[in-house]
Structures are given as structure tokens and as C-alpha cells.
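Protein chains in written order, with this note's numbering: chain A, 1 to 376; chain B, 1 to 376.
There could be a bad hint or two in this list.
[To be verified] Heads up, simulated SDA-like pairs for lysine to any residue below, C-alpha to C-alpha not over 25 angstroms straight-line:
(1) Lys208/B - Lys59/B
(2) Lys93/A - Gln318/B
(3) Lys72/B - Val140/A
(4) Lys286/A - Lys208/B
(5) Lys72/B - Thr211/A
(6) Lys11/B - Leu90/A
(7) Lys168/B - Arg205/A
(8) Lys286/A - Lys59/B
(9) Lys168/B - Thr61/A
(10) Lys23/B - Tyr300/B
(11) Lys59/B - Ala161/A
(12) Lys87/B - Lys150/A
(13) Lys208/B - Lys373/A
(14) Lys70/A - Gln318/B
(15) Lys150/A - Glu224/A
(16) Lys373/A - Glu224/A
(17) Lys286/A - Gly343/B
(18) Lys372/A - Val140/A
(19) Lys168/B - Asn68/A
(20) Lys374/A - Arg221/A
(21) Lys95/A - Gly343/B
(22) Lys373/A - Gly343/B
Because the hints were derived from the structure by calculation, they are not lab data. Note that the coordinates shown come from a computational prediction; the quantities given were computed from them, not determined experimentally.
Here is how the chains run, residue by residue.
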Amino acid sequence: MNLRRTRAIFNKEFIQIWRDPRSLAMAFFIPMLLLVLFGYALSLDIDNIPMAVWNQDGSQTSMRFLDNFKLSKYFNIMGYYDNYPVMEHLVDKGKAMIIMVIPKHFSKQIQSNGIAPLQVIIDGSDSNTAQIALGYVNSVVYSYNQKFVKDALAVNSIANATPVDLRSRIWFNQDLDSKLFIVPGLIAIIMMIIAALLTSLTIAREWERGTMEQLISTPVRSIELIIGKFAPYFVIGFIDLVISVVVGIMLFGVPLRGSTVLLFVTSGIFLTGALMLGIYISVAAKSQLMASQMAILTSFLPTFMLSGFTYEIFNMPQWVQYITYLVPARYFIVILRGIYLKGVGIEALWPNIIALFIFSFIAVRLAIVKFKKKVA
Amino acid sequence: MFTRIAALIVKEFLQVFRDPRMKFVMFVSPIVQIMIFGYAATMDITNIPTAVYDMDNTKESRDIIRDFSYSKYFDIQNYLQKEEDIKYVMDRARIKAVIKFNHGFAQALTGNDSAPMQIIVDGTDSNAAQIILSYSGTIVNNYNARALQDRANIFIKRKNIYPSVELKDRQWFNVNLYSKNFYLPGVVAMIVTLMSLILTSMAIVREKEIGTMEQLIVSPIRSIELILGKIIPFGIIAIVQMVMVATVGVLWFNIPCIGSIPLLFGATLIYLLTSLGIGLFISTISSTQQEAMMAVFLFYFPAILLSGFAYPVANMPQWVQVITTVNPLKYYLVILRSIFLKGVGINVLWDEMLILLVMGVAVITLSSSRFQKNLG
Chain A
1 MNLRRTRAIF NKEFIQIWRD PRSLAMAFFI PMLLLVLFGY ALSLDIDNIP
51 MAVWNQDGSQ TSMRFLDNFK LSKYFNIMGY YDNYPVMEHL VDKGKAMIIM
101 VIPKHFSKQI QSNGIAPLQV IIDGSDSNTA QIALGYVNSV VYSYNQKFVK
151 DALAVNSIAN ATPVDLRSRI WFNQDLDSKL FIVPGLIAII MMIIAALLTS
201 LTIAREWERG TMEQLISTPV RSIELIIGKF APYFVIGFID LVISVVVGIM
251 LFGVPLRGST VLLFVTSGIF LTGALMLGIY ISVAAKSQLM ASQMAILTSF
301 LPTFMLSGFT YEIFNMPQWV QYITYLVPAR YFIVILRGIY LKGVGIEALW
351 PNIIALFIFS FIAVRLAIVK FKKKVA
Chain B
1 MFTRIAALIV KEFLQVFRDP RMKFVMFVSP IVQIMIFGYA ATMDITNIPT
51 AVYDMDNTKE SRDIIRDFSY SKYFDIQNYL QKEEDIKYVM DRARIKAVIK
101 FNHGFAQALT GNDSAPMQII VDGTDSNAAQ IILSYSGTIV NNYNARALQD
151 RANIFIKRKN IYPSVELKDR QWFNVNLYSK NFYLPGVVAM IVTLMSLILT
201 SMAIVREKEI GTMEQLIVSP IRSIELILGK IIPFGIIAIV QMVMVATVGV
251 LWFNIPCIGS IPLLFGATLI YLLTSLGIGL FISTISSTQQ EAMMAVFLFY
301 FPAILLSGFA YPVANMPQWV QVITTVNPLK YYLVILRSIF LKGVGINVLW
351 DEMLILLVMG VAVITLSSSR FQKNLG
């Protein structure tokens, strides 16, 4: 490998990037946009669930029962209605998520120690939110019922302590702030997107414009060409990494409890693999449209969907879980969350770091071998 | 005029499918995407990897552990022997929750005292942690309800002396609360959007980049014909993909499609006006395919993330909710979900359709005039 020729390719690529300032600007702007969107705009935390109520009973007892929902931060009683069609329309338009109907004789049943039915209808289109909402309704009803039993025991002067007192402790993210979960994982997504967006087109472009023939006819060797193409994008990717880390800590207050050095070293390994994968795609595709499609299919989607970034891997069917072992971001995200939130180091993360190494090594080999074959 | 447009359409199809791999990418990639979403994208948390650290080791503690393992939510994977083991398994992200009993748990319980038990939850994924807490709360609540009833039955020797509210819950639209029913209509929207954006913008910029645009301009073709010849083929491809994805969703994943099919096509056509128009617009501001691809994602990411696809719009801060009102994807998604899951018709969806139509006409007119100016 000749350093001078590699530098020449590096300079050429750099000038080409520089001449297209809009692409360069977007290479920095897209990561920031994603950080801001995920940090400020998106949240799966559920409160103020809009609830429409039809109180057919209208008694004191039913009002006091409803107070339990009014006082909970999870529910927002948006209004009282007296017929189904109006409430159904609210659900159809997505304005109400829960319809609660307190039937006639609700208070009579309660006063005569009977079982009072309570009708709750939940819009299940968003299954996750619906499930959580149902859990909240259940726990309100549970504590309402429990009070009767406890009172009965107390009246008969029998110990009425709660039998099992569940004490929960939350590690690593005490306030269950979803930002702390998303921002570290987002670094992996950003690295992958930038790598795929930038490098997947770089060699395909030379093929399409016909400049590849010119490059091949020069004495430059394939390894020099690949490294010269790789290096400027590595610089851009690394700047994006630094931006993400700084924005995460300064703007969103995500704690970086582990070693910063380890964070940057592992990110470098991942970034190398991701960029080389992009180059491999670029060599294989030959047309930019094809390259963009392949990049989306092989890097974007798996990174978003199968890495554990938003969807927990343990929830997936077994065969999909096996596929996730092929997704490099899966290992990187465990490393990122480990370093950021758990403050652990190599002693806990080494299997994942080795997996990242293997991924990068394979990606580098693939890119070089594919390129040599295409040129020959 | 029509023969010239037809000629262009034929040329465009020939060009896209000249690379046989493109056929594969075009028609296999949507199927792969829906498969990944159908199987992997689930927010329903089940099989939580759980460990038990039971220092009490009595019938009572084992009863509660059994309640946990009998629920489909907790998958008890190992029994820990030492306190340090908790940190070990949690650090390595192998276990998401640890159930812990101290000595004297059973003693306190049988002595009618409050017996503490602990659940330690990995809070890294705040959403999953919240659900784990709610599940464990429900399991312990049920145990407590039985224990209190038993106590009451033993001491008071009268059954049902206390009233209770019985929750009769019903889900609408997505009876079993399947995540896939929620996501798959969204995948249709994602694929239609991304494909129409990328294909239109890259195909036009490609002509600019390799210099064939000049040839097109000097041909007798008029600019409006050029625009139509460019967007019609990609509109057709997007519709074909929509049909494929929807078919797989309905036949393979049993997504209900209870609404009107013509309405589905009508809404997609109206939506395509906007998304093809934006693709056309991007082509007028980009001089390289690289730029076009980045610009596509600059639009695509916020459009997806702020559409309610995965993150409910109602959870966003007020100012972000205001921004989402100009997001065409949000309206298309509401329409798709309503047609698939709720089966509602034009009488409910007319306002969303109208907004999309106005947006579509505005966007396509603006970008066409910009495109014509660019040519002139």
C-alpha cells in the first residue's frame, strides 16, 4: 500500500464532498434532527388517557368511584355523555381512548354487598397503549375493592395489613425516563444511517458516471482506493458521533457513567464496519438507485427493527431472535447502553466487543475482495 | 401527447428494471419489510427474562414465584445464589427483572403482618420497565386479594360480606390487542412513501447527473409530459407495492381489512400526489443523487416519526403536535388504520381525505412549476 496514492484518493474524495456542501450539511443535520425528535418529541410514556364517561347511576357512590380516576394522572375524564353513538364517534375519531359506563343500580349493588359490573371499552388499535391503559384501570378498581375487604376486617378487629408488600427498585434509570433509553441506542442508528447514506453511493457514482474506468487505469491499487474513499467518511461519521455524545449529555442530560475512551473505541470499530458495508454495497450495486435500495434493505431496516433499539429482542419469535445475531447494531447497542447507563466496562461487555470486531473484519474483507473481483 | 408520455413511461420502466436485481429489490424488499414488522415489531411485552433470588425458600415464597412463572409475562430463567449475582446478570443485560425474597418472608405473612418482597427491574428500557412493574403489581395484587379473602373467610366465617366492582372490559377494533394489527397498516404507508420519494427524485437527478436530461429537453417532449412521464411509472410501482404489502398483511398475518377497498385505493392515489410531488420537488433542489437521497431522508424521518406510526401523537408536546398537522403521512396513516381496523367509511374520514387532497394539489402544482422553471 502506498501512502501517497491513498492520500491522493483521500484528497479527491474530500474535495468532492466539499463541493457538495448541501450533502455535507445534511450529513450533520440529519443526526441532530433525529436527536432532537427522539429527545423532545417522541415518548411512549402514557398519561392523561382521554376517557369518556356515561354515568347511568349518577349516585354519590358512583361519583366517589369516579374520583379515583379523576385523581390519577393517568386518566383525563374528557366529558360525561348519555348515549353510545356520541361516545362511539369520539373513539372513531381517536378523541377518546376509553369509554366507561357505570350501569344503573351500581350504587345499589355496592350498598347491598353485591357485585357491581363496570363496563369499560378500550380502543385497541394501539395495542401497547391499550394494554397499559387497561392495567391502570385494573389497579384503580383493585384498590377500590380492596378497601371493602380491609374495612370489613378492621370492623371485626382483625389485622388488615396488606399481605405481600411489593417493593420495586429500578436500576440504571430510576425515573424511567425514556430519553435515557433512546439516546444511547440512537448513536448506533445515526452511525449506521450516515454510513449507509454516504458510502453506499460513493463507488456506484463512479461506475455510473464512467469515472471508475479512469481511476482503474491509474496506478492506484484497490486497497488504496478503498481506504482513500473510506477515510473522509470516517471523519464525518466520527464528528457525528461526537455531536451525538455532546448533545446527549448537555441537552438531554443522559449520564455517561462508563469510560469515554471505551465508548469512542467501540464506536470506531462499529463505524468502520458500517462504512465498509456501505462500500461493499456500492461496489456490488453499480447503480446509485440500486445501491440506495440495497443500503435501506441491509443496513437501515435491520438496524432499526432487529437491534433492540425500539423492539425488545426477547419478545420476538425464536427464529427472528436468531436472525438478530447477524445484526451488528444489536451488539453495539448493548455496549452503548452498558457504558452509558450501567457504567460497566470490558469485563461485562467483552463478548459484544468481540462480535463487533468480527463484523468489522468481515465487512472490510468483503469490501476489498468484492472490489478486486469487479475491477479485474 | 399521450404517445409521448407513454414512450417516457416505457423508457422509465425499462431503465428501472434493466438491472434484474432491481426487480428483486423492488418486489422482494416490501415483502421482507412486512415480514420483519409482522414478526419483530411487537411492543407486547411477554417472556421477560427473569431471575429469582429466594433467601426465604418457603412454601409461601415459592407460591408467589409460581404465580409469576405461570403468567405468560415472566420467563424465570435462573435462580441466583448470592447477592452479587444480581448485579452480574443485570450488568450483562441477560435478565430484565429479579424477584427477591428476604429471610422471614413467610413468617411475616403467616403472622398476618405485611411481608416485604422485592422486584428489581432494569430501567434501561423505560417502557418495558413500566410494563414489568404493572404486571408484577397485578400478580401480587391478585395474590393479596386471595390472601385477604382467605383471612376474612377464616375469621369472620361469612362469605361475600363486602361488595366489589367487577370490571367487564372490551377492546374495540383490535380485539386481542395484537401489535401487528397496529403496525402493519403503517408499513403500507412507510413503503409507499419511501418508494415514491426515492424513485422519483433519484430518477430525475440521475438524468441531470449523467447528462441525459439535456437530450430529453431537446426532444419535442413538453415539460408537463416529462413530469407526467416521470411520476406515473413510480406511482404505478408504489401502488403495486401497496397491493403486495396489503395482501401479505391480510392473508399471511390475518390483519383484518374490514373497510372499503376502493376507498383504500382512492386514499392512496390522493396521498401519492403529495409524496410524488415532494419527490419531484427534491429533484429540483438536488444536483447529485447523493444529495437527493439525503434530502429524501431529511423529509422521511420526521414524517415517519411524527406520524403516530410508532409514537402516539397525543404523547408529544403541544408545539410538536402543531407541527404534525402539516404532516401528510399522519393523515394517510389515520385513513389506513381506520380502513383496516375500524372499517369506517368516507363519512368519518372525509376531512382527512380533503386535507390530503388540498396538500397534494398544492405540492404537485408548486413542484411542477419549479421543475419547469429549472428546465427553462
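Status of each hint after checking the structure:
1. Lys208/B - Lys59/B: violated (77 angstroms)
2. Lys93/A - Gln318/B: Holds - the C-alpha atoms of glutamine 318/B and lysine 93/A are around 19 angstroms apart, at most 25 angstroms.
3. Lys72/B - Val140/A: holds (23 angstroms)
4. Lys286/A - Lys208/B: holds (18 angstroms)
5. Lys72/B - Thr211/A: violated (59 angstroms)
6. Lys11/B - Leu90/A: Status violated; Cα separation ~49 angstroms.
7. Lys168/B - Arg205/A: violated (62 angstroms)
8. Lys286/A - Lys59/B: violated (68 angstroms)
9. Lys168/B - Thr61/A: Holds: lysine 168/B and threonine 61/A sit about 19 angstroms apart, inside 25 angstroms.
10. Lys23/B - Tyr300/B: Roughly 23 angstroms between the alpha carbons, so the hint for lysine 23/B and tyrosine 300/B holds.
11. Lys59/B - Ala161/A: holds (20 angstroms)
12. Lys87/B - Lys150/A: violated (38 angstroms)
13. Lys208/B - Lys373/A: violated (30 angstroms)
14. Lys70/A - Gln318/B: holds (22 angstroms)
15. Lys150/A - Glu224/A: violated (78 angstroms)
16. Lys373/A - Glu224/A: Holds: lysine 373/A and glutamate 224/A sit about 15 angstroms apart, inside 25 angstroms.
17. Lys286/A - Gly343/B: violated (45 angstroms)
18. Lys372/A - Val140/A: Judged against 25 angstroms, a Cα distance of about 67 angstroms means the pair is violated.
19. Lys168/B - Asn68/A: holds (18 angstroms)
20. Lys374/A - Arg221/A: holds (13 angstroms)
21. Lys95/A - Gly343/B: holds (17 angstroms)
22. Lys373/A - Gly343/B: Outside the cut-off at roughly 54 angstroms; violated.
Of the hints listed earlier, those the structure fails to meet are numbers 1, 5, 6, 7, 8, 12, 13, 15, 17, 18 and 22, in rising order.
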